Structures are given as structure tokens and as C-alpha cells.
Amino acid sequence: MRRSITLLAAGLALLLSACQSTLPEASPAADKAAIRAMLAAQDAAWNEGDIDAFMQGYWQSPRLRFASGGDVTRGYETTLNRYKARYDSPGAMGTLSFDDLEINLLSPDAAVVHGAWQLARETDTPGGLFTLVLRRIDGEWKIVSDTTTSARQSG
25 MRRSITLLAA GLALLLSACQ STLPEASPAA DKAAIRAMLA AQDAAWNEGD IDAFMQGYWQ
85 SPRLRFASGG DVTRGYETTL NRYKARYDSP GAMGTLSFDD LEINLLSPDA AVVHGAWQLA
145 RETDTPGGLF TLVLRRIDGE WKIVSDTTTS ARQSG
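Its first residue numbered 25, the sequence shown is counted upward by one per residue in this note's numbering.
I should point out that these hints are in silico values taken from the structure, not numbers from a laboratory.
There's no promise every hint is true.
[Claimed, not checked] The calculated lysine-lysine pairs, modelled on DSSO-like cross-linking and capped at a C-alpha distance of 30 Å, are: (1) 166 <-> 108; (2) 56 <-> 108; (3) 166 <-> 56.
Keep in mind that this is a model prediction, so the values were computed, not measured.
Given the sequences, and given the hints that come with them, work out the whole structure.
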């Protein structure tokens, strides 16, 4: 019995080792492309008026951090509710675009993204800057912290 358990453990260790060696290693270029794709999916979801799909780029955790307008919101649900209250109509949502993306990989599972955002709406064109902290969670890049600022509008 003891020998069977030892052989089973050795077999599992060998199998795990073989599986690990066949997994493709992520490259910086692939990671940056995956992050850009996630942000593009957010942009597309926003422009379709789908805040729930937009939020799929965020970490679904009570530890999510979102800072904007001098306020800090904590938690996925609270952030989702904030977006839905603030952008409650297609007119309020406008058309979103991201520009000037700078993706800095900190480790195989952490990145910082700096960029600019712009909304085109019928009555105004608010915009500003953002800094996102991303983590690879269950193989996917997710925003764990978002600090978004608004630029002054000339007028």
C-alpha cells in the first residue's frame, strides 16, 4: 500500500512537471497585447451602452479600488453602481475613447497602464487621464485599482 502511494505521488509529480513545461510562457509583447485587447473590449462595451460588459475588465472583488473626483470607491459592486448612477443614459455615456496608452509590465502578473480618456457627448467633451494597476488573475488581466482624473474644460 505504501509503495502504491509513493508511486502515485511520483507519477503525479512527473505529470505536473510535464504539464508545466508544456505551458507557453507569456511574453511581454503578448501580455501588452492582452491588456490592449481588454481595454479595447471595455471601450467597445461602453460605446454600446453596456456598463456590465465594460466592468468585466475590473477585478470582481470587494478590494477593487476606484478613485475619481476626490472620492475613493471600494468594491466591484459599489463601483458598478457608481457607474450606473452617473452614466444612466446613452447621452450621459457618450462615446468613449482611450489614447496615449503606456503599458508598463512590472512582473509576469502585474502591470501599470497610463492613458488618456475622452467622452464625446452632444453637449460636452469631458476627458482626462487615468492610471490603472492590473493583475493577472486566473490567467486574465484585470484592473485592481483605477485612478481617473478629469481635465479642466475650456469654455
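Checked hints:
1. 166 <-> 108: 20 Å, holds
2. 56 <-> 108: 29 Å, holds
3. 166 <-> 56: Measuring from Cα to Cα gives roughly 13 Å; hence the hint holds.
When the structure is compared with the earlier hints, no violation turns up for any of them.
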